[in-house]
Amino acid sequence: MTLIAAAQVSSEVVPARAQMATTLGFHIILACLGIALPTIVLLAEFIGIRRHDETAMRLARRWSVAMAVLVAVGAVTGTVLSFELGLLWPGLMRRYGAVLGLPFGIEGLFFFLEAIFTAIYLYGWRRLSGWTHFATGIPIALSGIFGAMSVVAVNSWMNQPGGFTERGGRITSVDPWQVFFNHAAPYEMPHMILAAYMVTGFLVAGVYAAGILRGRHDRYHYTGFALGFVPAAVLTPFQIFVGDTAARAIAQDQPVKFASMEYVARTSTHVPEWFGGVLSGGHIYGGLKIPDLDSLLVGFSPGTKVIGWDSVPAVDRPPVPWLIHLCFDVMVGLGTLLLLAGLWAAYAWWRHRRLPRQRLFWMAGAVSGLAAIVAMESGWVVTEVGRQPWVVYRLQTTAAASTTNGGVVTSLSIVIVLYALLGTATILILRMLSRRWRRSDLEEVAVPYGPQDRLVGQVGT
Amino acid sequence: MAAATVGAILLASVTLYAVLGGADFGGGLWDLLAGGDQRGRAPRQLIDESITPIWEANHVWLVFDLVIFWTAFPHAFASVMTVAALPLWLALAGIVLRGSGFAFRKEISRPGLERAAGATFAFSSLVTPFFMGTVIGAIATGAIPAQASQASVSAWTSPTSILIGFLFVSACGYLAAVYLTGEAARRSERSLQTYFARRAQVAALVAGALSLATLAELNRSNLVLYARLTGRALPLVVVAGVCGLAVLALLAAHRVMVARVIAALGVACVIWGWGVAQYPVLLPRTTVTLSNAGAPHATLVAVIVLAVLAVVLVVPSFGLLYTLQSRMLLRDGVVGPGIPSDKRGTNEMAPKKDGISHR
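Chains as they are written, first to last, in the working numbering: chain A, 1 to 461; chain B, 1 to 359.
Same shape as in the complex, but just chain A (with noise of 0.2 angstroms):
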């Protein structure tokens, strides 16, 4: 009896997953979208206002269309992984719900004013005027953010579960403030909301990037691509420190995890930093060999022990450390990227008043926001593939969590054909948007008294 529910239990936890790692890997883009986006439409409609300036007002009406599409698209994705809470993962709800359902909750009140106010600052462009416009998006951007601070509350519980008490698997009693503010939310919050940044600025500046590429070379583009290239880039050191920081707590916190992350064998002083390297059976091939730089780097020096995943027996481990390590390495190895991207547009305008001149810099940026997209699915992999077997660290495996109920195959694959239109879908809208309002702009250019832009050649080439 126990043998069949457990088999039942290991056949559905696989494609459960997937189907999660599909819908939410799908959505956190959608979400950093949602979070971030409004900030750098309310950017452009600032300046567009203060400096009366038409082009970023422009940009700034433009984005808030596209933001439209974006912010419903995600509504929806956003409302699969709500069921999905309760249709995969019913043992992890029936079990935890009492507790993780509380930051979920904090969630819901953002979610209801960015949607609210979402709809206000969208269709208010034309009869709400200049600053009462732009107060009506404040409360999206601030909403974004704390709505986003609630979400990873949620993750960072299950990583580091703490504030309630259980008794024969029963909660007892629930301290909110602690929920809420568990132990891996102040490395967790601001690691995912500055990755919310780096992804959409980068994704904004990419769009014009790749227009300056093919010739583009108007004031149009070059604001575009500042407005967005210019916050991420900013916000990419501070990025660059808090994911450190954060490595560090979770080779405290969690330090299987971080074990795979760093291929750590053994608990062990002196231990090497692998750059790259596939492990397979006890191995590890390729990949470029530091020593003492994992040690350094957690302890700040070689003598520092690292623990390793032989703390823990081979079933309490993650299955697929090559993964983590590798998902690890492209996070690292990208966000160091796009710092250099950054330092390169900082020197430029530091010795010459402009950007960059090379088309490597503008091939790097029309690329920056896929890059920052894969960094930050990477992290997510990370950290969630770190995490197993656990679904709540050290308290729940995921194969408890997860449904009995069969045909998790079939939805897999629903999902997936589902979510590849809604993906094909929401880019190519996003592409006709943008080709109707170069027609637009065409026709403008033939009209003698449009607007000058004067500031064409200040910047770029």
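Keep in mind that a hint or two might mislead.
[Claimed, not checked] Here are some chain A residues pointing at chain B (derived, C-beta under 8 angstroms):
1. L102
2. I429
3. L433
[Stated by the list, open to error] Computed footprint of chain B on chain A; a stretch qualifies when at least three of its residues, placed anywhere within it, have a C-beta under 8 angstroms from a C-beta of chain B:
4. 83-91
5. 94-101
6. 112-121
None of these hints come from the bench; they were simulated from the model.
For clarity, every value in this text was computed on a predicted model and none was experimentally measured.
All C-beta atoms, glycine included, are put in the ideal place defined by N, C-alpha and C.
Knowing the structure of chain A, use the given hints to seat chain B on it.
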């Protein structure tokens, strides 16, 4: 006490989702039934303009309902999500298709694609309330066990559940038609007002008939609930019926603004009638009640605090949204230079869209 309060909070937010979000689904129903491109243009445009700015905010009530349900009553939540997994997946598919149809339809300019997105939106507006209704039916008939580990098809395909599914669809259509009558009246669109008033009356009769049929069917499927609906919850049931009749009369008398409030009140009375009849049991035919469904006292208190915050923060914001919407300060297509104007052209019957300036 805390558990009962949270139960009331959950029911209140379910009610808000029903009377606000439900009407948006109903809009999809009328979109579906509006006929060909030419004939259906004016009503479709009114539906589109009335729902588009607010559907997302209304939709958040669903997420809020789910969160309160799993936070305050996690054991019941897990059982419902397990047993009624199939209709919930189907309702969810409807939500995804409808939401994305909404997101894309406005921006699509090719008529073929626009029609496809519109059809997706309209069809999925039907699917979602129907399957949500069957899930409520499964709960009300006591088909959800306390310690469920397997999905069950029979739980949500009983005659009661299917009837409640259709009842949900008709109630959504009813609310939408009444609200849209009001929208048309505000825009002084006489022909559209008549158009939706007639549909509201038909929908009222259908929803009323389905309510009575459901009540009769409960006499067979859940006698305890039936007895309470005709016992302690009877005043609410009666008020619901009176509201329905009153709406019929008010629409006939062109008192459309009052009709909207009374229609929402009627639907709210049905929901609260169910809640009062079931109280304090959460899952009929089990021992799961509001107070023993898995959350400790502190969680329930936190949910109450959350509800207070919602009243303080969210309700005024909603007030602002609806005020701006009703004064028609929130208009579509408004994005100033660079966006071509609506290609659907002008129509004598259709509410005038704001012209879009080409600077």
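| said: Is the coverage entry for the segment 83-91 of chain A by chain B consistent with the three-residue Cβ rule at 8 angstroms? | reply: holds (count 6)
| Taking 8 angstroms as the limit, does the beta-carbon of I429 (chain A) come near enough to a beta-carbon in chain B? | holds (5 angstroms)
| query | Per the coverage rule (Cβ-Cβ under 8 angstroms, at least three residues), is the segment 112-121 of chain A covered by chain B? | reply | holds (count 8)
| said: Using a Cβ cutoff of 8 angstroms, are there at least 3 residues of the segment 94-101 of chain A near chain B, or does the coverage claim fail? | reply: The restraint on the segment 94-101 of chain A holds, since 7 of its residues have a Cβ under 8 angstroms from chain B and three suffice.
| said: Can you verify the interface hint for L433 (chain A): is its Cβ closer than 8 angstroms to any Cβ in chain B? | reply: Since chain B brings a Cβ to about 6 angstroms from L433 (chain A), closer than 8 angstroms, the hint holds.
| Status of the L102 (chain A) interface restraint (C-beta, 8 angstroms, chain B) | holds (5 angstroms)
Violated hints: none; the structure is consistent with every hint.
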